[in-house]
Amino acid sequence: MTLLGVSILLFFFLNLLLGSVKIPADAIYNILTGSEDESPIWTNIIMKSRLPQSFTAAMAGAGLGVSGLLMQTVFRNPLAGPSVLGISSGASLGVAFVVLLSGSIGGVTLSKLGVIGEVTITLSAIFGALLIMALIAFVAGKVRGNVTLLIMGVMIGYVANAIIGVLKFFSAEEDIRAYVIWGLGSFSRVSGGQTNVFIFLMSVLLPISFLLIKTLNLLLLGDSYARNLGLDIKRARMLVIASSGILVAVVTAYCGPVIFLGLAVPHICRGLFHRSNHAVILPASMLAGASLALLCNLIARLPGFEGALPVNSVTALIGAPVVMWVLFNKRRNEV
Amino acid sequence: MKKNNETIKISGLETGYISKKGNTVITRDIDASLESGELTCLLGPNGAGKSTLLKTLTAFIPPIQGDIFIEGKSLKDYSAPELAKVIGVVLTEKLSISNMTVEELISMGRSPYTGFWGKMSEYDKMAVEESINLVNINNLRGRMVQTLSDGERQKVMIAKALAQETPVIFLDEPTAFLDYPSKVEILQLLKRLAIEKDKTVFLSTHDMELALQIADKVWLIDKPHGVTIGTPEDLALNGEMNRYFHSDGVVFDIDNGLFKISQEMHGSVSLTGEGQHLNMVRKALTRRGISTAEKDSSVFVEATPRCLSVNGRDVKSIAELLDEIDSIIDNDNNS
Chain A
575 MTLLGVSILL
585 FFFLNLLLGS
595 VKIPADAIYN
605 ILTGSEDESP
615 IWTNIIMKSR
625 LPQSFTAAMA
635 GAGLGVSGLL
645 MQTVFRNPLA
655 GPSVLGISSG
665 ASLGVAFVVL
675 LSGSIGGVTL
685 SKLGVIGEVT
695 ITLSAIFGAL
705 LIMALIAFVA
715 GKVRGNVTLL
725 IMGVMIGYVA
735 NAIIGVLKFF
745 SAEEDIRAYV
755 IWGLGSFSRV
765 SGGQTNVFIF
775 LMSVLLPISF
785 LLIKTLNLLL
795 LGDSYARNLG
805 LDIKRARMLV
815 IASSGILVAV
825 VTAYCGPVIF
835 LGLAVPHICR
845 GLFHRSNHAV
855 ILPASMLAGA
865 SLALLCNLIA
875 RLPGFEGALP
885 VNSVTALIGA
895 PVVMWVLFNK
905 RRNEV
Chain B
259 MKKNNETIKI
269 SGLETGYISK
279 KGNTVITRDI
289 DASLESGELT
299 CLLGPNGAGK
309 STLLKTLTAF
319 IPPIQGDIFI
329 EGKSLKDYSA
339 PELAKVIGVV
349 LTEKLSISNM
359 TVEELISMGR
369 SPYTGFWGKM
379 SEYDKMAVEE
389 SINLVNINNL
399 RGRMVQTLSD
409 GERQKVMIAK
419 ALAQETPVIF
429 LDEPTAFLDY
439 PSKVEILQLL
449 KRLAIEKDKT
459 VFLSTHDMEL
469 ALQIADKVWL
479 IDKPHGVTIG
489 TPEDLALNGE
499 MNRYFHSDGV
509 VFDIDNGLFK
519 ISQEMHGSVS
529 LTGEGQHLNM
539 VRKALTRRGI
549 STAEKDSSVF
559 VEATPRCLSV
569 NGRDVKSIAE
579 LLDEIDSIID
589 NDNNS
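Which chain is which? The protein sequence lines are A and B, in order.
Residues in the first sequence are numbered consecutively from 575, following the numbering used here.
Residues in the second sequence are numbered consecutively from 259, following the numbering used here.
In silico EDC-like pairs for lysine to aspartate or glutamate, Cα to Cα no more than 16 Å straight-line:
#1 A:788 to B:362
#2 B:313 to A:797
#3 B:352 to A:797
#4 B:377 to B:362
#5 B:352 to B:431
#6 B:313 to B:272
No wet-lab data here; the hints were simulated from the structure.
Next up, chain A with everything else stripped away, as it sits in the complex (with noise of 0.2 Å):
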C-alpha cells in the first residue's frame, strides 16, 4: 500500500517533469511553491497544463480502478469491468447525439465552440451514462442472475453504439472527427475551471464507495450466503452499480471513455495484495487506479510522441500484459 503511494507521487512528479518542453526540477518546485521568479511560460505549462492534467489523469485513473473493482464484485465475474455494462456506451451516446446532431439539425459545430462546448459535451456524456446506469439499475431490481444482468448491459452497450453508427452516417466530416476524438480519450481535454469541478466531483464520489465495503464484502460470499447474513440482494446489487456507474460516468464525461484500467487495476491489486477484503483491495484499487492513469499519461507524452498519443492505445499496451503477467503468477485457483 505504501509502495502504491510512493508510485503515485513518483509518478506525479515525473508527469510534471517531462514534456516537449524541458522545465528542470528546481524550477517546478519553486512554481508549485508560488514563487514568481520562473519564467511565465514555465508557470503558464506546469500550472495551466502538467499540473491539472496529472490531476486529473490521477482521479480518473481511481475512479475507474474502483469502478472496475465494484462491477467485478456485483457480477462475480473477472472480466467484468465499466465498459462492459454499457454505461460508457451511454456516455458515448450522449455525446454523439449532441456533437453529431447539432451540426446536422441546428446548424451549429459544437466542436467550434470552445469552453460552451466543452461543456454542453460533459452534460451529454454525464446524461447518457445516467440514462443508461437507470436503466441498468431498473433491469437489476427485476432480474435474478447475475449473468443475465451482465449480458442485459452488454446488449443494451450494443444498442447505444449501434445508434451511434447510424448518426454518424448522417453527419458532417468535422463532427465525426470531433466525436473520434473525444472517443480516443485523453486526461487533457478539460482545460482551466471545469478541472476544478472535475477533481471536486472526484474527490466527493471516490470516498462514498467506502461506504460499500461491507456489502462488497458479502456479495462475495454469493446471493445465498449474503441473503442469510442478512443482506438485502437486489438493493445491494443496485447501489453497487449506481456508484460505479456514477463514477464511469463522470470519468467518462470528462476524459473520454478511457479503456481497460476498469478491468486491468483490479487484477493487479488482486496479483499484489492476494486478498478479497474489501477493506484493502477497495483502497488498494484507488491507489493503483491513479498510478496507473499517471504511468499511461506519462508515457502518452513521452517525448517523441509530444502528446499525439491516444491515451487509450498506452492503457491498453500497458494494462493488456499487466494483466497477463499477473494471471501467469497467480497461485492456483485465485481469480
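With the hints as your guide, set chain B onto chain A.
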C-alpha cells in the same frame, strides 16, 4: 435431563414455486415441529422436494400456503436482518470466493451484528474464536479458503453459521462430496453442537445409514407420500422406512435398523461356527449370492476362530474358502 424446546413450528405448509403462470406445488400438508438440542435429518430420493423444503424453511422462497413459526413468530414477520440472527445456513453451493482467510470468512458470520462499517467488537471476536474452537479448526484459521478440501470447507462454513449465533442451523447436504470418515466427523460434530449449544440442527442428506444412526428425528419425504416424521426406530417398526426406500436393490434390515443391499441367491451352504469369523464368512457368502440359511445343504462350512473349513478341508483365508465353494458348486452344476 434438560427439556428441549420447540423452536420451529410448521403448520399446513405447502412448498413449491410461485409464478404468474400458476404455482408448482412440490410438497403439501406439512405439519411438523423442530426442537432445540436435536439433530433432525431430512431424507428422500432426488427430486422429492428436499431442497425446496429447505429453501422454504430458510425463507429463500415463500411458502405457497401455510406458515412457519420460529420461536413463536411467523417467518413472514421477520425482517431480513432479524432473520439473520435466527437462522444460519450451510449450503451445497461451492464458494466462488478466493483470497480470503478462513478466519475472515468465519468473521463474516458476525455481519448481522456488526455496524455499518463491519467493525468487529470484542464480543464479535470472541464469538468467532469460540466457533473456531467448537469446530476444532484452529489449524485452518490462516489458510486461504480456496486451498481447503471439501471436508475442511464444510467445517469452516459450519463455524461461520456458529459465529452467526442463531438458535437454528439449516444445512443442505453437508455430507455430500465427502469421504466416509469426513461424513461421520461432520455429523458427529453437528450432533455435538446440537446438544452442547442447544441448537436446532436440521439437515438434508443422502447418507441414510449415517443419518439413521445419529439423527434424533428423521423426516422422510417423497412425492407420493409427502413428509413422514418420527424417530428412526419408530419409522422402522411401523414399516414407513421400507415403504419409502423400497426398490429392487435395497431392503431395510429391521434387525439392525440399517439398509442393506438385497442379493439374488444362487446357491446355498450349511454354515456353522462362532464369533467374528462366523459373521465375516456369512457376510462374504451373502455378497457372493450364496445363502447360509439352509441346514441340510451338501456343502458344509465351518467358521470358528481356530478353523476355517469347507466339507472338512481346511482353508487359510476367506478368499480361499470362497474359491473352494465356487469349485464345488461348479462341479455340481457340470455333473
